[in-house]
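Throw the hints in and build the complete structure from the sequences for me.
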Amino acid sequence: MKVKLLPLAVAAAVVGFAAPAAAEKVVKLGHVAPLTGAIAHLGKDNEFGAKMAIDDLNAKKVKIGGEVVKFELLSEDDAGDPKQGTAAAQKLVDARVAGVIGHLNSGTTIPASKIYHDAGVPQISPSATNPKYTKQGFENVFRVVAHDGLLGGALGRYAANKLKVKSIAVIDDRTAYGQGVADEFAKAAKAAGAKVVGREYTNDKATDFNAILTKLKGKKPELVFFGGMDAVAGPMLRQLRQLGMDVKFMGGDGICSPKLAELAGAAMKDGQVICAEAGGIDTALEAPMNQWRKRFKDKFGTDVQIYAPYVYDATMAMVAAMQKADSTDPKKYLPVLKKVEYKGLTGTIAFDKSGDIRNGALTLYTYKGGKREKMMVTK
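Residue 1 is where the sequence shown starts when you use the working numbering, and the numbers rise one by one after that.
Because the hints were derived from the structure by calculation, they are not lab data.
Given the structure is predicted, the values throughout are model-derived calculations rather than measurements.
You can take every hint at face value.
Restraint-style ranges between C-beta atoms, simulated for each label pair: (1) N58 to A350: 23 to 31 angstroms; (2) K220 to K353: 39 to 47 angstroms; (3) K190 to T378: 19 to 27 angstroms; (4) K63 to K299: 18 to 26 angstroms; (5) G369 to K219: 25 to 33 angstroms; (6) K205 to G137: 29 to 37 angstroms; (7) M289 to K190: 33 to 41 angstroms; (8) K135 to A350: 17 to 25 angstroms; (9) A350 to T378: 14 to 22 angstroms; (10) K61 to K343: 19 to 27 angstroms.
Pairs of lysine to aspartate or glutamate residues, derived as EDC-like cross-links and limited to a Cα-Cα distance of at most 16 angstroms, are as follows: (11) K70 to E24; (12) K164 to E222; (13) K28 to D94; (14) K132 to D352; (15) K353 to E341; (16) K135 to D352; (17) K324 to E67; (18) K51 to D77; (19) K51 to D298; (20) K217 to E200; (21) K70 to D326; (22) K166 to E222; (23) K25 to E67; (24) K217 to D246; (25) K368 to E262; (26) K91 to D77; (27) K371 to D303; (28) K63 to D326; (29) K215 to E200; (30) K63 to D329; (31) K269 to E373; (32) K338 to D352; (33) K61 to E72; (34) K371 to E262; (35) K162 to E222; (36) K297 to D55; (37) K51 to E72; (38) K114 to D94; (39) K132 to D183; (40) K60 to E24.
Backbone N, C-alpha and C define an ideal beta-carbon position, used for all residues, glycine too.
This is the structure:
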């Protein structure tokens with residue numbers, strides 16, 4: 001008896017199998033932040049923002065170049081260390097990532113940017129604020145937050161003009177970020193009429209500040225500005241209180257996290273601390289942002305620290321450029337990324353000729369009852 005063969009599609013249906021789905025094209029995106037060490041909570045926050053973006057993109061079945069693209073996140077730990085940062089960058093380049101979101105710190109972002117530049121890999125930092133990053137003449141580097149010139153300057157003017165302080169002490173942790181934001185703060189405060197009565201230095205792993213704080217106490221500042229991260233600022237606030245220094249305390253985005261209140265404990269008085277986050281949400285964007293923050297907490301079991309929404313927007317803007325260029329090839333989508341105008345969670349992501357965010361906003365916060373409280377958004 002002669003057996004009649006059925007067409008493949010019919011045969012598959014008869015035996016209960018579907019025809020094989022079209023293969024997805026895998027595109028790798030890199031992310032780098034400190035996932036270990038004193039500020040690992042900030043690094044994980046950034047990583048979660050990237051993971052959320054990747055999951056949302058993959059759920060949409062994004063098509064580029066006629067193919068469905070599956071994005072894969074390659075996340076590396078730089079521990080906030082420049083040497084580890086460059087090693088992580090080289091690892092991502094060797095893995096042939098199509099783009100990188102990172103790094104978190106200016107001190108790791110800047111040296112890593114040379115490696116990405118030489119390899120032609122687009123890099124968007126969601127949180128590095130040192131102006132040097134985008135002043136190297138690299139056409140592949142971008143950031144989605146305002147730089148230290150704006151952030152430190154806004155805080156310096158606020159201290160002199162709004163708080164009316166006349167004598168200021170400045171401390172920085174000697175990192176690219178800490179020194180940069182402290183320098184800009186001091187410059188703006190002096191220009192607005194305040195006097196810097198003392199300038200001291202520490203490092204990003206220090207826990208004992210009694211010597212420098214005792215020296216500054218004798219100069220009777222009304223306000224202490226710290227250029228550095230929350231992991232150092234918390235213990236510093238405790239020691240200020242122990243020394244009986246009843247002063248205002250200011251810092252940039254590095255200290256401006258919900259965790260600062262936990263790190264400082266009872267040493268933080270209501271309204272004592274004022275900080276600025278390099279970003280700002282207009283009123284019209286507050287409801288969508290709150291919904292996103294709830295989704296973030298439901299997904300990862302933790303609140304947003306600082307920059308997860310900016311990581312999310314940086315990732316989405318990079319992919320939006322790929323979609324518009326209809327290519328995941330860095331050579332083809334980089335020119336489009338330079339001109340991108342992506343309406344994100346945090347506002348419109350668009351870059352100037354240096355790669356800095358256009359019209360970067362800043363948000364000033366204080367702390368009351370152990371909680372961070374928004375004061376104002378400024379541009």
